[in-house]
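Asks: Spelled out from the first residue to the last, the chains are:
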Amino acid sequence: MNRKTAAAMSGILALSLVLAACGKSDNGNTAAGNNAANTNANSESASNEPKEKVPVTMVVQYNPNLFADLEKSFEAKNPDIDLQLVFMDNAQANKVLNSQFAAGEGPDIAPMNVDFFKNGYAYKLNDQPFIDRLSDGAKLATTQADGSIFSVPFETWFQGIMYNKKIFADNGIEIPKTWDEFLAVSAKLKAAGIKPLGVGDKDGDVIGKMALGVVLSTGAIIEPDVEAGKKTYSASWKTGLDKFYEAVKQGIIGTDAFGMSVDDMVNEFLNGKSAMISMGSWQVADMHKKAPDFDFNIFPYPSAAEGQEQWAIGGVAGGGGVNAHSKHIDEALRVLDYIASPEGDAQWIAVTHGGPVIKGTAGGLDPSLSGLQDTLGAGRTYSPWEGFKKINGENFVRNWFKTSQEIVAGRKTVDQGLKVIDDYVAEQLKDLQ
Amino acid sequence: MFKREKIKVTLQYELLLLPALIGFVIFFLYPSIQSIFYSFTNYSVNKLDYSFVGLRNYVNVFKDEHVIASIKNTVYFAVCSTLLQNVLAIPLAVALNAKLKTKFLLRMVYFMPWCFSGLIIGFLWSFILSSSDDGLLNHLIHQLGIGFLPNNWLGDPSLAMKSVIFVAVWQTTGWAMIIYLANLQSIPAELYESVKIDGAGKFQAFWHITFKFLAPAMTINVLLSTIGGFKVYDQILALTNGGPGYATESITFSIMNYGFSENKYAYASALSVVMLVVILLISLVQLRFFSKREDNIA
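Protein chains in written order, with full-length UniProt numbering: chain H, 1 to 433; chain E, 1 to 298.
Read the hints as simulated data drawn from the structure, not as lab findings.
Just so you know, not all the hints are guaranteed correct.
To be verified - Facing chain E, from chain H, some residues (calculated, C-beta under 8 angstroms):
(1) N90
(2) N94
(3) K231
(4) T255
(5) D264
(6) Q405
As the list claims (entries may be wrong) - Residues from chain H that face chain E, not an exhaustive set, calculated with beta carbons under 10 angstroms:
(7) A91
(8) K118
(9) N119
(10) G120
(11) G259
(12) M265
(13) N271
(14) E394
(15) R398
(16) K402
(17) I407
(18) V408
(19) G410
(20) R411
To be verified - Label-pair distances were calculated between CB atoms; the ranges are:
(21) H:K188 - E:L144: 27 to 35 angstroms
(22) E:I220 - H:K95: 29 to 37 angstroms
(23) E:F123 - H:N271: 16 to 24 angstroms
(24) E:L136 - H:H288: 24 to 32 angstroms
(25) H:A378 - E:K72: 44 to 52 angstroms
(26) H:Q92 - E:W170: 18 to 26 angstroms
(27) E:D64 - H:K188: 43 to 51 angstroms
Just so you know, even glycine gets a beta-carbon here, dropped at the ideal spot from N, CA and C.
Next up, chain H with everything else stripped away, as it sits in the complex (with noise of 0.2 angstroms):
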């Protein structure tokens, strides 16, 4: 054998050595009960060896370590399952898991739009067990318009107006029912050398639905007509709107907003350096573990007029569905069909401080949004992009949020925002067709 042949054959025996070795590799758990040539001896010795866990990657918006005892009572009911818990900033979620399913990949289990339904990333739910057990308003909400079930929600969700106690108390303030009222209070506490309202804009979602919160005083759930043509933004939103932003006009609210993230915001409100926030059920947790001693409340978002009854912004939005195209879509359906029990709900609210979606789920409210008890009692709560039923909900909002900052910034006016947000619908609307 000459130095060449020598060559190529040690060559080929180390790349047979790398196949083989990956090809054990992947097909190691299967291989040995397939096997008819194993020997009883050799099949006993791998029964006796403890399973590998099937791992189930699921994305949550919120701190993951603030699910240990969910994800514990989990898996000792499906010793089988590794539950992995994943962050996902809300704000690039959407993006993120786009392209992540484009390429046949993405977690098991994560935050689901109508879109991704229709490119076939999720997986029909309709038939599962424990979509029986949504309470009757979380499935409406999760009903599609042709009556596709892809995602469940875990929470109902909501936010209003959160005050600090102490501040409000110090200066003899009253909780204000009118937009007119809450300015009054801003001026108050403007005057007191006190900052009114903290507002951390960056992504645009914290005045966007602030001003909906007003908006929805005037009467404006006007979404299923909206799709069906019968009204637009520009005459429904438009005294709300405007109403709202008189706050820009008296300096309440302004362009510094806009350098601020939530967290500088939340910060701000928790050090006593803001009296009011706009801010909702999924940062109470948070907001507890970072100052527990911190006293505060939550009011509904105040009316556009006297006489007009007030609302929350809020939903059944988030939970999740099934990437259609993942290894471990029995694995990751036993994950909802947990977190969907009256069990897996009440873990998961006592963590999230949301609502529940699932019939028979016990918890109550946390004492520090008791403000919003009759407001949620009433359901005089809702967002309005989860109103859409044909059009992707989430980029017509993220349009709005992008929308309402430059009517901030002055570079709209109210009535040229809400001509961009309408010509947006109609051109979805269009695209449909």
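The hints should help you fit chain E onto chain H, whose structure is shown.
Replies: Coordinates of chain E only, in the frame set by chain H:
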């Protein structure tokens, strides 16, 4: 016999090119051709069975006020960051080419920011530039009693893009400096001696020798920073998320939004093709201009 040997050698070299060529075809050429193809269709999440629409997407791109804004922002970013980066990097390289005891340490310090991802640098600076009371820069400004300076660095629409450019220049100047430094070390010392004998001062020596002979490094730096400027995404994402409103959205931002948020694949493809053509044209013009400058040295 000689010819066969030559072919064999050529083949060996071309074989070495093959892995790169395969990568280029799979990861650039094929997706680019696909993008060009889709840009003439109406392919979107609602039209998975697409049809051809001619130039409609291209016409709409130039009618879309958000796209126009993102093109203006991108050009502003690319021009300003390229200019500033090079204007700062040349004197920095000259200074750190001098006989300083700390020159190696300083070179490392100035180069360090470039080693980090744009996203990390962006998040870091968003804490520094935050308009909250906890924002480091504003805190410092108030401590120094100069609170009258503009301090809504990322929130004021007329200031936000300038802040983004500042951060980008802060991060990339060290990298440009290293390229200039490498070029500086190849300039023969005799040239400086001869202009000194001719009576030239330091500035004249810089202008007639250093600046002139830095042409090759300048070609590379200007070209790469312009291309990088046109593709800017991560720093903007971390610093302003494209806001306030659309004030700092770049073309890449628009492509991501239309392609991956709104699932308008054909429209995003048309936008990508427009960006490709713009970058190609600007690069060609730059190459031509700077090559002439290099030829003049020769």
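Asks: With a cut-off of 8 angstroms on the beta carbons, see whether H:N94 makes it to chain E.
Replies: 5 angstroms, holds
Asks: Check the following: the C-beta atoms of E:L136 and H:H288 are separated by a distance inside 24 to 32 angstroms.
Replies: Since E:L136 and H:H288 have Cβ atoms about 27 angstroms apart, the given range 24 to 32 angstroms holds.
Asks: Less than 10 angstroms between beta-carbons is the criterion; does H:I407 satisfy it with respect to chain E?
Replies: 9 angstroms, holds
Asks: So, as I understand it, the hint says H:E394 touches chain E; can you test that by seeing if any CB pair is closer than 10 angstroms?
Replies: 8 angstroms, holds
Asks: Assuming the hint says 44 to 52 angstroms, is it satisfied by the Cβ distance from H:A378 to E:K72 or not?
Replies: 48 angstroms, holds
Asks: Does the nearest C-beta of chain E fall within a distance shorter than 10 angstroms of the C-beta of H:R398?
Replies: 7 angstroms, holds
Asks: Close enough to count: is the Cβ of H:N271 nearer than 10 angstroms to one in chain E?
Replies: 8 angstroms, holds
Asks: Less than 10 angstroms between beta-carbons is the criterion; does H:M265 satisfy it with respect to chain E?
Replies: 7 angstroms, holds
Asks: Mind checking the hinted window 27 to 35 angstroms against the Cβ distance between H:K188 and E:L144?
Replies: Taking Cβ atoms as reference, H:K188 and E:L144 lie about 32 angstroms apart, which means the hint holds.
Asks: Quick check on the hint: H:N119 CB to chain E CB, less than 10 angstroms?
Replies: 6 angstroms, holds
Asks: Does H:G259 meet its interface restraint, that is, does its C-beta lie within less than 10 angstroms of any C-beta in chain E?
Replies: Because about 3 angstroms separates H:G259 from the closest Cβ in chain E, which is inside the 10 angstroms limit, the hint holds.
Asks: Given H:K118 as an interface hint, is the shortest Cβ-Cβ distance to chain E below 10 angstroms?
Replies: With a closest approach of 5 angstroms, the H:K118 hint holds.
Of the numbered hints stated above, those contradicted by the structure are hints 1, 3, listed in ascending order.
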